[in-house]
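Q: Residue numbers (my numbering), protein chains in the order written: chain V, 3 to 114; chain W, 2 to 112.
FYI, nobody ran anything at the bench for these hints, they're computed from the structure.
List of simulated lysine to aspartate or glutamate pairs, EDC-like, C-alpha gap at most 16 Å:
1. W/K99 - V/E46
2. V/K24 - V/D107
3. V/K43 - W/E6
4. V/K43 - V/D87
5. V/K24 - V/E69
6. W/K68 - W/E4
7. V/K21 - V/D87
8. W/K3 - V/E46
9. W/K3 - W/D94
10. W/K68 - W/D56
11. W/K99 - V/D98
12. W/K43 - W/D84
13. V/K42 - W/E6
14. V/K20 - V/D87
15. W/K43 - V/D107
16. V/K43 - W/E4
17. V/K20 - V/E69
18. W/K99 - V/E58
19. V/K38 - V/D107
20. V/K38 - V/D87
21. V/K42 - V/D87
22. V/K54 - V/E69
In this text, all values refer to a predicted model and were calculated from it rather than measured experimentally.
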Amino acid sequence: ETGVTQTPRHLVMGMTNKKSLKCEQHLGHNAMYWYKQSAKKPLELMFVYNFKEQTENNSVPSRFSPECPNSSHLFLHLHTLQPEDSALYLCASSQDIGGPQHFGDGTRLSIL
Amino acid sequence: QKEVEQNSGPLSVPEGAIASLNCTYSDRGSQSFFWYRQYSGKSPELIMFIYSNGDKEDGRFTAQLNKASQYVSLLIRDSQPSDSATYLCAVKDQSSYKLIFGSGTRLLVRP
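With these hints in hand, go ahead and build the complete structure from the sequences.
A: Right, dumping it as structure tokens:
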């Protein structure tokens, strides 16, 4: 098992669809993160969970809804997305919040 | 607005040379610094982290930190074509646990 696993790897959806991104970490880490990576822009932190409690919502629109049922799993629920939401969505985890982060392979999301 | 600045490149070096990648940051109180490598179409991969002033070496990679001048650099010795990638610098915000990422420097190692 790789350290941080994300599914699906690619997702194409219409603006009215509802879908979810999944992240699972097998590293025994306590903190998990969602990032958005758009072309030519720095990684943007979206959400942070520490011991499955949300500690950060970085002014993310409500059409993105995170869920962390336990320290190993993280979801990002998507609904009514906009074309500008097309990007690579990366999940990361760290042993302790603020420590070195390990990334999953990401989900490439395209909004039609 | 706390910032991390990197030259976007591309930085082109011949195979076997030393590649030097630089990063400056605005938050004077930052204590933790990270370098990630990202191949095209892939996710960032942690290469090194450094917390103290000076040099930290790991194989062909050396991270250098100068807190007084607010810069951190990554040296890659004996560069290989497989080192061609985008290198992301990340700095931990001193007042929180957030990592602030630069936009990355694209490195091209010519055979």
